[in-house]
Amino acid sequence: MDILLIILGMAVVTHIPRILPPAFMRSIQLPSWFASWLQCIPYAALAALIFPGILSVQPDEPAIGLAGGATAIILAIFKAHILIIMILSILVTWLGSCWLV
Amino acid sequence: MRIRQDFALGCKAGLPIAMGYVPIALAFGTLAEQSGLHLPLAVLMSAAVFAGASQFMAVSMLLAGAGWIQIVTATFFLNLRHLIMSMTTAETLKHLPRHWTSLLFLGLTDETFAVLTLNSRQHNAHRASLAYVAGLILTAYAAWVAGTFFGSGFAWLIPASLGSGMSIALYAMFIGLLVPAVRDNRPTIVIALVSMAFSWLLHQVLDQGWAVVGATVCGATVGTMIMKRK
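In the order they appear, the protein sequences are chains P and F.
At position 37 of the first sequence the residue is numbered 37 (our numbering), and the sequence of numbers has no breaks.
Every position in the second sequence, counted from 1, becomes a number in our numbering once 101 is added.
Calculated directly from the structure, the hints in this document are not laboratory data.
Backbone N, C-alpha and C define an ideal beta-carbon position, used for all residues, glycine too.
Incorrect hints may have been included.
On the chain F side, residues computed to face chain P include the following (Cβ under 8 Å) [as the list claims (entries may be wrong)]:
#, residue
1, 120
2, 142
3, 172
4, 180
5, 279
6, 321
Derived list of chain F stretches under chain P, where covered just means 3 residues or more per stretch with a C-beta under 8 Å from a C-beta of chain P [as the list claims (entries may be wrong)]:
#, region
7, 145-153
8, 193-203
9, 293-305
In the DSSO-like style, the derived pairs of lysine-lysine whose C-alpha atoms are separated by at most 30 Å in a straight line are [to be verified]:
#, chain 1, residue 1, chain 2, residue 2
10, F, 113, P, 79
11, F, 329, P, 79
12, F, 113, F, 195
Take the sequences, apply the hints, and build the full model.
Right under this line is the structure:
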């Protein structure tokens, strides 16, 4: 019973911030500075999600996450398909952890 | 027929997310099972909440004996970053009908946000339609729920070394989205670097949820100011 209450509570507090903006933003005219600020958010958010989290892909071995990240950056610069980028980064990380551990 | 085509395109765009989610969902199902949160409840949590980091946090708090108010409060703060992501995505998708967008945004995560706002191919080809967004989000959601189901049901088969953190797959996906977007719009590299610096600093003093929110806001603000001056 307690668990159901927890799941329900988590669902409510997680979904409210997700669904409110599309429901209400259009009733308000956004100032232009705010619209251009919003355009910068994806770059800032992804950067913040990537770093420093990527260092803890393998706990206590930041070099492994860095190697995987470097692989992804190089492949992305050379316009590799996103699935190729993911697969090769997983491979490099996996080889790295086999080699180190 | 346009709808079916767009839905399929959306599913295709959601494939990298699904690939990143499956191992994490397997790990979540396994951990939940081992922590006494058995199959129907683990799957229910994944289906109802659909927010990976907070689900891992909830299971570890349950194990530590936390009460529901603590768990729900912590979940709220950890997931508050979705407010900014939802505002940004809603602005990108403002051509879509409002109520349907709200419904689909139940499935807004770090990853679906990332693909919806930064997938440059999608912007060049045509504006994202409702069917495209639905295909993308449902693919990610299905992978998360199915992964939890298998992780929970086959916990005895899955090695503990699968890990509980975000896997390299999702970081590689984020990089694979960010690098081409920055290349298409070079000055945005300033935003990314400033945000990473803030993120590193804030992770030293705040928990993960707030550090990401703080770094995103600071990075976008400083980035906007610097880019405007040029």
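Violations among the numbered hints = Failing hints: none at all.
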